[in-house]
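Heads up: the protein sequence lines correspond to chains P and Z, in order. For the first sequence, position 108 (counting from the first letter as 1) is numbered 108 according to my numbering, and the numbering increases by one without interruption. For the second sequence, position 104 (counting from the first letter as 1) is numbered 104 according to my numbering, and the numbering increases by one without interruption.
The hints are simulated quantities; they were obtained by calculation from the structure and are not laboratory data. Quick reminder that beta carbons are idealized off the backbone N, C-alpha and C, glycines included. Possibly wrong hints are sitting among the right ones.
[Claimed, not checked] Cβ pair distances, simulated, as ranges:
| id | chain 1 | residue 1 | chain 2 | residue 2 | range |
| --- | --- | --- | --- | --- | --- |
| 1 | P | F325 | Z | Q142 | 23 to 29 Å |
| 2 | Z | T47 | P | M232 | 55 to 61 Å |
| 3 | P | T290 | Z | I153 | 33 to 39 Å |
| 4 | P | M232 | Z | R25 | 57 to 63 Å |
| 5 | P | H12 | Z | V65 | 46 to 52 Å |
| 6 | Z | F71 | P | I64 | 34 to 40 Å |
| 7 | Z | R25 | P | D71 | 25 to 31 Å |
| 8 | P | F271 | Z | Q142 | 55 to 61 Å |
| 9 | Z | T47 | P | K350 | 21 to 27 Å |
| 10 | Z | T47 | P | L268 | 33 to 39 Å |
| 11 | P | A14 | Z | R25 | 48 to 54 Å |
| 12 | Z | Y117 | P | I64 | 54 to 60 Å |
| 13 | P | A14 | Z | F7 | 48 to 54 Å |
| 14 | Z | Y117 | P | T290 | 55 to 61 Å |
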Amino acid sequence: MNSWILDNFWAHFAVFTIVILAFVIIGVMAFIYVERRGFGPFQLRRGPNRAGPFGILQPIADAIKVLLKEDVVPDRADKVLHTLGPVIVFLPVLLIFAVIPFHGQIGGLIANLNVGIVYVAAISSLGVVGVFMAGWGSENKYSLIAAMRVVGAMISYEIPLVLSLVAVVLATGSLSMNGIATGHPLPMILLMPLGFLIFLAASMAEINRGPFDLLEADSELVAGFHIEYSGMKFAMFYLAEYGHALAMSAVAATVFMKGWVGPWDAYLGWFWFILKTLMIFVLLVWLRVTFPRMRIDQMMSFAWKFLLPMALINLLVVGIQVVAFGGDIPWWMMFINFGLAGVLILGWSKFFRPGGARVEYQV
Amino acid sequence: MAVDIAFWILAAIAVVSAVAVVTLRDVFRAAIFLILCFFTTAGIFVTLNADFLAAMQVLVYIGAVAILLIFAILFTRDVQQGNPSNKLKVPAAIVGVVLLGVMVSSAVTFGWPESVYLPELADTADIGQRLFSENGYVVPVQIAGLMLLAAAIGAIVLMREK
């Protein structure tokens, strides 16, 4: 890397914006390929294997297909909101990558923010606005209902998500992404397994994947809030969905698995980062294909009655440990934390019944 | 220089979107402009080196306040017909003029002294020290938290059926 690119602000900004855009688009294509090929064996079939060797060109064929389709805008739709919706859903995905450290001590590609993790939490709450705009602007009652459900679910799951990140911040003593990655000798996934599981569940709900995809359940419903979208705008939603999965995997890899830190990370930092991101994503695919889809009341009660108390207990436990050991939790606490996580999850699941919400019918 | 340009762009967008919030008849678009206004305010915080405040502005005001506002709008009936006009134009005008007068007069008469210290470079720890150190504001922060908790419990009690 030439030094003038790093020194000149605008050159730095332009080059790394293009790098991030390319990374997101290539990453999304790779993720789509991994997911569709991964689904095959899980569902006792082969998966896409016609386009190119091992079906590797399938995402490209999909992209071309979806870009060539006609863009239909409903007659009574709010045209401005309908067009801006997918853009605003996709925007936070790109913005998150501005602070994610790919390699070494430089930190984020565009900005090495002091408050990186707060920035990530704040920016990922912007996508909700785009979902609302899409649902409202489509002038379709199903898209509006679906948008309200998505938003209700997203703001519910944001609370345990942020609380699990707060526990990490307590343990590592830093708010910047690089500081979190290097703040503790142990990866957080070992030091606080409960926090990692909460983060994983909450982020799966945030990105509408896995067992939480009831809002756009593509095999039985009509795609939720983007029912009225076609062509390139639909492609934008698709890109945003997988881009968000990529972003959440990257955040989880950085926060809970120490990101670029690994053997020979002066040269191989980017490799460890991408490998860990891919590991998290494969875990997401595995969970998605394993668990049955939830009902909306089960989803809400899971957030409020299971994840939120667990996140608060996790925060309390980590806080006590930080105070007891003077800010530096020793490595052997991980055995205690693993045991505690198992006891807590098993114990709480005795109390917890998914669902149980009353359904009221009005005639 | 660049910071000045950024400030004026952000300030202009913030003022225009704030005007749009009160003048637009489409309530949903007004809410979207409110979000734009909050976002540009966060941008102004960034130009002042207050990164933490900017992130909190986005997290709290856009991620929570504005979204709940839109929820409230969507649950309101007849929202499609736009902002229902009511008969409080005269009181609203009086209150608006009085408030504007107070703000303008205090802004004009205030001396605006400039601090002799350079701004701290994005130090979140200072905010924490200021809030939670021994002669900080621990008690007010705790009281504010208790009030929010009381409000949340009150909302649940109100919504609960007998």
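With 33 to 39 Å as the target window, see if T47/Z and L268/P comply at their CB atoms.
Given range 33 to 39 Å: holds, Cβ gap about 38 Å.
Do R25/Z and D71/P keep their Cβ atoms within the hinted range of 25 to 31 Å?
Because 28 Å falls inside the window, the suggested range holds.
F325/P versus Q142/Z beta-carbon gap, inside 23 to 29 Å or not:
This hint holds: roughly 25 Å between Cβ atoms.
So does F71/Z sit 34 to 40 Å from I64/P, Cβ to Cβ?
39 Å, holds
For the pair F271/P and Q142/Z, does the Cβ-Cβ distance stay inside 55 to 61 Å?
With Cβ atoms ~47 Å apart, the hint is violated.
Kindly confirm whether 33 to 39 Å is satisfied by the beta carbon distance between T290/P and I153/Z.
38 Å, holds
That 21 to 27 Å hint for T47/Z and K350/P (C-beta), does it hold up?
53 Å, violated
Take a look at whether the Cβ-Cβ distance between Y117/Z and I64/P falls inside 54 to 60 Å.
58 Å, holds
Beta-carbon spacing of M232/P to R25/Z - inside the hinted bounds 57 to 63 Å or not:
Between M232/P and R25/Z, where Cβ atoms are some 31 Å apart, the hint is violated.
Should the hint that A14/P and R25/Z are 48 to 54 Å apart at their CB atoms be regarded as holding?
41 Å, violated
Falls inside 55 to 61 Å, the C-beta gap from T47/Z to M232/P?
Check failed, 35 Å falls outside 55 to 61 Å.
Range hint 46 to 52 Å (beta carbons of H12/P and V65/Z) holds or violated
Between H12/P and V65/Z, where Cβ atoms are some 34 Å apart, the hint is violated.
In this structure, the earlier hints numbered 2, 4, 5, 8, 9, 11 and 13 are contradicted, and the remaining ones agree with it.
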